[in-house]
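Chains as they are written, first to last, in this note's numbering: chain L, 1 to 488; chain V, 489 to 997.
The hints are simulated quantities; they were obtained by calculation from the structure and are not laboratory data. The reader is advised that the hints may include incorrect statements.
Below 25 Å or equal to it, Euclidean Cα-Cα: the simulated DMTMM-like pairs (lysine to aspartate or glutamate) are [unchecked claim]:
1. L:K164 to L:D32
2. V:K661 to L:D301
3. V:K661 to V:D809
4. V:K661 to L:E110
5. L:K164 to L:D238
6. L:K164 to L:E110
To give a feel for the contact side, a few chain V residues facing chain L, derived at Cβ under 7 Å [to be verified]:
7. V566
8. A568
9. E637
10. V649
11. V656
12. F660
13. L663
14. F671
15. V928
16. I929
Positions of the beta carbon are idealized from the N, C-alpha and C atoms, including for glycine.
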Amino acid sequence: MTINLNGIGIDYGVILPELIVTGTAIVVLFLDLVIPASRRRWLVAVSVAGLLGALVASIPLWGQNRAAFGDTVVADSLAAFFNVLLIVISILTVLISPRFLRALDLDFGEYYILLLGATAGMMLLAAATSLMTIFLGIELLSISLYVLSGFARTAPRSQESAMKYLLLGGFASGFLLYGMALIYGATGSTTLRGIAAFTTASGLGASSNVLLLLGIGFLSVGLAFKASAAPFHMWTPDVYEGAPTLVTTFMSVATKSAAFAAIGRVFIATFPSIASRWYFPLALIAIFSLFVGNLVAITQDNLKRMLAYSGIAHAGYILLGILPGTAEGFSATLFYIAAYAVMNFGAFAVVTALGAGGERTAELSYWRGLFYRRPFLATVMTIFMLSLAGIPPTVGFFAKLLVFRALVDAQIWAPLIVAVIMTIVSFYYYLRVIVVMVGAPDEAAVDKERVGISTGTVIGAAAAATIILGIFPAVVLNWATHAASVHF
Amino acid sequence: MGWYALPTAVPWLTLTIVIPLSGALLVALTPAVARRVVKQIGVLASVITLVLVLVIIGGFQQGVGNLHLQFEEARQWVPAVGISYHLGVDGLSLFLLGLNALLFLIAILVTSSAAPRLKQFILLLLILEAATAGILLSLDLILFYVFWEAMLVPLYFLIGVWGEGQRVYAAFKFLIYTVFGSFAMLVAILAVAAITFAQTGQLSFDWTVLVQHPASGVWHLPLNLGAIGIPQLLFLGFALAFAIKMPLFPLHTWLPAAYTASPIPVVIVLAGLVSKLGAYGFLRFNLSLFPDAAHSLGPALAVLATTGILYGAFMALVQTDLKRLVAYASMSHLGFIGLGIFAGNLLGIEGALVQMVNHGVIIAALFLIVGMIEQRTGTRDRAQLRGLGASAPLFAALFLVISLAALGLPGLNGFVGEFLIMLGAWTAFVPMAVAAGIGVILAAWYVLRFYQGSFQETPPQPAGFGEMRVADVGALAPLLALMIVIGVSPAFFPAAVEATVKALPVLLR
Numbered sequence: 001m002t003i004n005l006n007g008i009g010i011d012y013g014v015i016l017p018e019l020i021v022t023g024t025a026i027v028v029l030f031l032d033l034v035i036p037a038s039r040r041r042w043l044v045a046v047s048v049a050g051l052l053g054a055l056v057a058s059i060p061l062w063g064q065n066r067a068a069f070g071d072t073v074v075a076d077s078l079a080a081f082f083n084v085l086l087i088v089i090s091i092l093t094v095l096i097s098p099r100f101l102r103a104l105d106l107d108f109g110e111y112y113i114l115l116l117g118a119t120a121g122m123m124l125l126a127a128a129t130s131l132m133t134i135f136l137g138i139e140l141l142s143i144s145l146y147v148l149s150g151f152a153r154t155a156p157r158s159q160e161s162a163m164k165y166l167l168l169g170g171f172a173s174g175f176l177l178y179g180m181a182l183i184y185g186a187t188g189s190t191t192l193r194g195i196a197a198f199t200t201a202s203g204l205g206a207s208s209n210v211l212l213l214l215g216i217g218f219l220s221v222g223l224a225f226k227a228s229a230a231p232f233h234m235w236t237p238d239v240y241e242g243a244p245t246l247v248t249t250f251m252s253v254a255t256k257s258a259a260f261a262a263i264g265r266v267f268i269a270t271f272p273s274i275a276s277r278w279y280f281p282l283a284l285i286a287i288f289s290l291f292v293g294n295l296v297a298i299t300q301d302n303l304k305r306m307l308a309y310s311g312i313a314h315a316g317y318i319l320l321g322i323l324p325g326t327a328e329g330f331s332a333t334l335f336y337i338a339a340y341a342v343m344n345f346g347a348f349a350v351v352t353a354l355g356a357g358g359e360r361t362a363e364l365s366y367w368r369g370l371f372y373r374r375p376f377l378a379t380v381m382t383i384f385m386l387s388l389a390g391i392p393p394t395v396g397f398f399a400k401l402l403v404f405r406a407l408v409d410a411q412i413w414a415p416l417i418v419a420v421i422m423t424i425v426s427f428y429y430y431l432r433v434i435v436v437m438v439g440a441p442d443e444a445a446v447d448k449e450r451v452g453i454s455t456g457t458v459i460g461a462a463a464a465a466t467i468i469l470g471i472f473p474a475v476v477l478n479w480a481t482h483a484a485s486v487h488f
Numbered sequence: 489m490g491w492y493a494l495p496t497a498v499p500w501l502t503l504t505i506v507i508p509l510s511g512a513l514l515v516a517l518t519p520a521v522a523r524r525v526v527k528q529i530g531v532l533a534s535v536i537t538l539v540l541v542l543v544i545i546g547g548f549q550q551g552v553g554n555l556h557l558q559f560e561e562a563r564q565w566v567p568a569v570g571i572s573y574h575l576g577v578d579g580l581s582l583f584l585l586g587l588n589a590l591l592f593l594i595a596i597l598v599t600s601s602a603a604p605r606l607k608q609f610i611l612l613l614l615i616l617e618a619a620t621a622g623i624l625l626s627l628d629l630i631l632f633y634v635f636w637e638a639m640l641v642p643l644y645f646l647i648g649v650w651g652e653g654q655r656v657y658a659a660f661k662f663l664i665y666t667v668f669g670s671f672a673m674l675v676a677i678l679a680v681a682a683i684t685f686a687q688t689g690q691l692s693f694d695w696t697v698l699v700q701h702p703a704s705g706v707w708h709l710p711l712n713l714g715a716i717g718i719p720q721l722l723f724l725g726f727a728l729a730f731a732i733k734m735p736l737f738p739l740h741t742w743l744p745a746a747y748t749a750s751p752i753p754v755v756i757v758l759a760g761l762v763s764k765l766g767a768y769g770f771l772r773f774n775l776s777l778f779p780d781a782a783h784s785l786g787p788a789l790a791v792l793a794t795t796g797i798l799y800g801a802f803m804a805l806v807q808t809d810l811k812r813l814v815a816y817a818s819m820s821h822l823g824f825i826g827l828g829i830f831a832g833n834l835l836g837i838e839g840a841l842v843q844m845v846n847h848g849v850i851i852a853a854l855f856l857i858v859g860m861i862e863q864r865t866g867t868r869d870r871a872q873l874r875g876l877g878a879s880a881p882l883f884a885a886l887f888l889v890i891s892l893a894a895l896g897l898p899g900l901n902g903f904v905g906e907f908l909i910m911l912g913a914w915t916a917f918v919p920m921a922v923a924a925g926i927g928v929i930l931a932a933w934y935v936l937r938f939y940q941g942s943f944q945e946t947p948p949q950p951a952g953f954g955e956m957r958v959a960d961v962g963a964l965a966p967l968l969a970l971m972i973v974i975g976v977s978p979a980f981f982p983a984a985v986e987a988t989v990k991a992l993p994v995l996l997r
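Here chain V stands alone, though its shape is the one from the complex (with noise of 0.2 Å):
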């Protein structure tokens, strides 16, 4: 935040990367029957990386460098074809990538010592780690491609081998889906590239290249059948890719199956930071590559949004698997993020912003109150839970706090965003703003059921439930000291990243 200047000589960003990376080389080299040592490494990589990238967003300064980006780190990688190694952060990926950190230490503290094959689970969350940085940090399209793939692969075994029930269906319909999205994606960055070639005479796939060199033009379908403007056909290529991994009603299906199989650990950074980078996607690309699309296909994105936002909100009202609740509360909450996003004015996007980052708090801390639930009593089923608070007054009090900041109450954190971002669709879209906050509601209703159904009613059952231990609470902590700074001093992530939002190629249009 300017508080700092930092040696510009460091390769900070590469740095955020390769510590992970580090830690997993160690892990490989360390014996599996070392199960202390090898989660021990894995907490110090991510410690490293959280302090890393706490330096770096305190010497990050606002409206400062080209097109806002700092620490800008270019070179070339494959020069023959225009493919540089190019990293940068700016207001849009800045906080993201603090929650990156602050998440992935908190999976890899939650996990158990006792796991099965831990070697390989930490292995493989430190290489997702460095993958999600990767992404947030990339400002070349193929980089950023290959990061987004490579994100892929460790989350697919986290899935697949260490869930539980139907992981290997789960893992494999995640894994079809998002393949599928990427390569849609992938041939939109070839056919920018060619476009921006045809219009410079230069192959680039550099983001602050193509940034400046929107893509124009209309394809005529053969047969007469009319004719779709190319903005408009890439900016899909691209969103089909976003939509899906964050998920945007209706490509969600692989969601449930996904998260409730997950194991904790990763259902945290599944939910908490991997659909955010859908989120990402869209500002980094969708709306600042194509602003004319953006502006045309936004509105019917918006009701996509919003109806993931009711859809989410009514299924989590049915559901009686904890963890399947809170899965559906979570699309129903990123629904508000697509609404914010495609909005496409200041407030909306800014409130996305911040909800972004809210969301991911707000997610993790309920779904590690979930396996926390689970551990103690052996059970997600809401109907056999009761009364839980008694013996355990702290464990509900904090849950309590986590209810109110995921039900949106002011104050707390989950206030700040979805408000910017009511705010942001009444101007955009009237009747999408009233129906969002009819999502409002229904997120109050379950998840205060969820809350009082299970901690406040009598008699307890099962009886002589657990208090939080110590682990339990240190996990717990970050993520409610920041529900409430961010609760009570609103004004701070709007501003910080203003002026980055204020330059999106969207909101120049």
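Chain L extracted, bound-state conformation (with noise of 0.2 Å):
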């Protein structure tokens, strides 16, 4: 039997950036064997000098609309957008990472591996127009995540957060290749556009397949276990907790980016025509989100959990973009997770610049009079802690005004009024943050180090862009709707 591979649409172009992160990441690995330990610096520069060069790959896609690979994989203005922003936290991520990886006494080189995997996975999954693809993805950006999360190797916490989060996530897996399975079998195609097509196709009967529905629930759970939207979140805050704060920082933001890109193409792109059966599901777990989120973190003492918590209450304000099911709609999702993104890595980039010392630093009794023991680090977390709660003038207040107002416009008040109420309460555990800082100062607490030059620079930008943004979000906006408007 030969296999023909004419006419399938191989085009590399389409898939460079993913190409160049996954190529580095083996030259690391290669580079990692030869070079003394000494020079590790080195693996740092080949890896950014890698996502650098997939960066200026990607920005070609941008305004472009070429499948390729039997319709499996797409590059497009979405993808462009993705790719952008997941290579962006990862050069950010690795710039911060040698210093705590040396802290930790982590300093190896399969930690740039494993993250340049997970970036290219994630990457992967943005670009997906198959649930051949998607599936690729999320497992490589799984596989690459579980070892990182146990990559305290002599840590407890480490070893239970990752062993958590392979079991969870392997059971997730489970459910979205069983919902795969099942839209497979109902529609007999597994690119998104032949789904779509059949889905428009059979008009109302699609809306009451039973096999179909069920695929695209079961699709749901193992998306939003990913994206950690309740009550698939359970996994998070153990494993935010437990892993090293470098990849949890990481992780926080990356995959919930990756998630919800797969989710917008699956229910924007693939299934407007039964928006009536996909809404309410959709809905209450944006719901759920919000309140088991901003609920349980108002009495969280550790920073990492409360931020855990924090990033499942976002999961819901992200997920309410989508269920309007308009341009609109999905543009302010889009801003929304390039908001999270910036303001999110830069909280959790504080409690790693913090936490070399060890777990304690992530208590929030830690934190008490931080404003005078380390005044930059408790500036740029006061400023983080305003945008993750919504207050002007930074780019979370406007990333909660373009979601709210697209709940306004397409008239959808139960989820907008649980949203503002949910955002009220928010205020309380994120302000909670800012007072213990500004709190008496604790002789006890000694800081052995300080901020380096590189984590500082990394801190400062993402709170420079946290106000930026929050001033002028007019340009990043205008990304976000023509990124959108692929689909629409």
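Got two chains here, separate frames each, mind docking them using the hints?
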């Protein structure tokens, strides 16, 4: 039997960014074998160079609509939007890594390989237009992150975190695959385009096709798990808390972004014709995330856990943008994802910068009087907390405003009211961090380290971006609108 | 005042926001050890702002411009959502802008060069000045909201870090109250824009657009629980934010803690200016966007304002801590401003506008006096102070003038505003005017008791109270000058704002 590869559209230009990142990972893998431990800095340099190359390669994808490899991946503005976002997150993560890897005695080359692998998986997920490539992307990013969560080999909490993530993640993958199988069974196609064509053609029949609906349901469970939306969030606090903070920083923003790229492609692009069927469950997931995230975050005294629950709440806000199924709502979603990436990365990076000493630094009590001991970190943390709470002039304010406005325009009231009330609730736990930092200095807590130059620059840049995008949101909003327009 | 015409090419209003911010940037770049330089930059930036604002006031022409707005600047900001960068000044904001620039200059002047973390203190004060100027100038509701929230953060830190006593508790209480109120306002802003969008098909947060499309309609509660007018509902959303900031009884409970905990430069700004921004918000938004609701809900709010007058006055009577005494006096006087606003007639609103400037001047001066007394004696306890005037006659004389202005003596500024407010209130609701009159009498009681008790009784205690220094007089001089100028030319302010006030939608219905 011969396999005919003609006519399935081999076009390496479409996946060039992914190829570059994967190639960089392989180069780092071999480089790590040959260079002495004292020269590990080179790995950082190579990784950053590769990621920058992928960034450059992503830019020409903007404005295109090139499907390739049998319609399994696509090069369009949406993919380019997420490529740029994910690569920037990845670069920033690599830049703050060496210092803390050394501090935790984890300075191994594998870290960078896994990070690059996860990034490649996420990028693939954002470009995926077939159930196969979606699964491929999710598994690539998940397996890398399972290992990264347990990267602190000697810390039991890290091991526990990796184990939990692996078991629950495997379970979620099972759901995902089962859903995909059902969808394939119902529609006879694995490409999103083919599935969309089937559902549109069968009209009303599709919305009573049990096989298809079950499939969509299982698929949603798998994706909601990755986006850590409630009630599929159970792993999030434990994994975020146990994993090295550096990994949590990356995971909390990058995984969520990639998962929402896939959710957007599935719900907005593939199943708009049966929106009346998925609207209610999705709204329930959003509302449930808002409740669980915001209410449980109040009771957390550990900053990593608090930010984990805050991340669940933000998944709810982001989902709200999907609900209307409008271009406006989807662009609000994309803007929110970018905003969340900036501010949450910053917040976790501050925890990382403070956390080189050990786990205790994530306890809120350690932050008492931080404003007097570490004015820079306290100031930027204030900015990130205000932004996460949605208080202007920060980007978080516009993110919420745009989502709320999309809901108002679509006349979706109940989720909006929940979101508004829960936003007020969220003020309490975000502002509490600021209050604690202003409190009387705790003499017992002594810091060993100062913030390094690269860490300081990265955190400072995130803080500056949080404010600048809060004052001039129009540019990013235009990008988000353009990227969202791909599917309308 | 139309004394000259300013070139229109210059973005005058943006400059009043940008100059304090530039000062803040310069301060940020200055090393913290260069304390004198830091303070000088702060003084310089606020002096330039004050001069600029005076130039604007001089060039402001009565009754000219679209909706009486002048020096308008409108640029697109987030066009996709109908948000613009729209600034303008009219009779409502003109003199408050001047008060803003003046009070920040005084606040920075009286900040001790030896204060802890001076650099951050001046930096936050300058950012705060830019935010408050932005609040007064914004004509886009989202822009207004952004400045409104931006004001909160520096204030929180100024109270929480540099405060005294229960500073963290006071700052947190202030923060939670105001954030809660602001969010109610944000929801109302979104709803106003959505309703106008339904009417016009054009999404806009622009005040000049919204003011021409007053919201209407009725919201029927589920389960036949009755119906609420939508304008009334939106009115309350805005009112919550402004009533907390002002504060209006019974939302005042953050005030004693915050005012008492704040250092003197901060409390000058907080009591002298920020409270007025709440009153300004009522005029700019509640009375302009929802005139019908203002008429139907005005009496209820006037009752709250009058309650505040009496409550504040009685509380001031029983305080022994001078800072708390002035804090409650401030609350009582703010009640007058509220009463004038909610009277909803020309005299009341004009009086409120005049009294807003007066209150800022008087309360700032009173807090300065309290600060000077505490600095010299180390105490603010009324019971431990007696006969201070014996060794400081100039101090006593200046304090007497301020006290008389505070209790509303004719010939000084306090009288002008209070009298207009009383006239306005009398035509609207007589009982409340009578109650407010009792408030005036109580004011005379607590102010004179403060003055006489601490400056006239014998024997002097503690002895050898220090006389006013040049710097002290310099800080008080502009405030004293304003007290006398406004007092002897009572027609000036009402006339200057009359055109704007007469055009307020609440008076046209």
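Against the structure, the hints come out as follows:
For a cut-off of 25 Å, the pair hint linking K164 (chain L) to D32 (chain L) is broken: about 29 Å separates their Cα positions. A C-alpha spacing of about 20 Å is found between K661 (chain V) and D301 (chain L), which places the hinted pair at or below 25 Å, so the restraint holds. A distance of roughly 21 Å separates the Cα atoms of K661 (chain V) and D809 (chain V); the hinted pair therefore holds under the 25 Å criterion. A distance of roughly 49 Å separates the Cα atoms of K661 (chain V) and E110 (chain L); the hinted pair therefore is violated under the 25 Å criterion.
In summary, the hint linking K164 (chain L) to D238 (chain L) is supported, as the alpha carbons are separated by about 8 Å, within the 25 Å threshold. With a C-alpha separation of about 21 Å, the suggested pairing of K164 (chain L) with E110 (chain L) holds against the 25 Å cut-off. Because the smallest distance between the Cβ of V566 (chain V) and any Cβ of chain L comes to about 5 Å, under 7 Å, the interface hint for this residue holds. Hint status for A568 (chain V) relative to chain L: holds, with the closest Cβ pair at about 6 Å, below 7 Å.
This hint holds: E637 (chain V) has a C-beta 5 Å from the nearest C-beta of chain L, less than the 7 Å allowed. At its closest, the beta carbon of V649 (chain V) sits 6 Å from a beta carbon of chain L; the interface hint therefore holds under the 7 Å criterion. Interface hint status for V656 (chain V): upheld, as the beta-carbon distance to the closest one in chain L is roughly 5 Å, under 7 Å. Checking F660 (chain V) against chain L by beta carbon gives a least distance of about 5 Å; that is within 7 Å, so the hint holds.
With a cut of 7 Å, the hint placing L663 (chain V) at the interface with chain L holds, because the nearest CB-to-CB distance is about 6 Å. At its closest, the beta carbon of F671 (chain V) sits 5 Å from a beta carbon of chain L; the interface hint therefore holds under the 7 Å criterion. With 7 Å as the threshold, the beta carbon of V928 (chain V) stays out of range of chain L, its nearest partner Cβ sitting at about 39 Å, so the hint is violated. Checking I929 (chain V) against chain L by beta carbon gives a least distance of about 41 Å; that is not within 7 Å, so the hint is violated.
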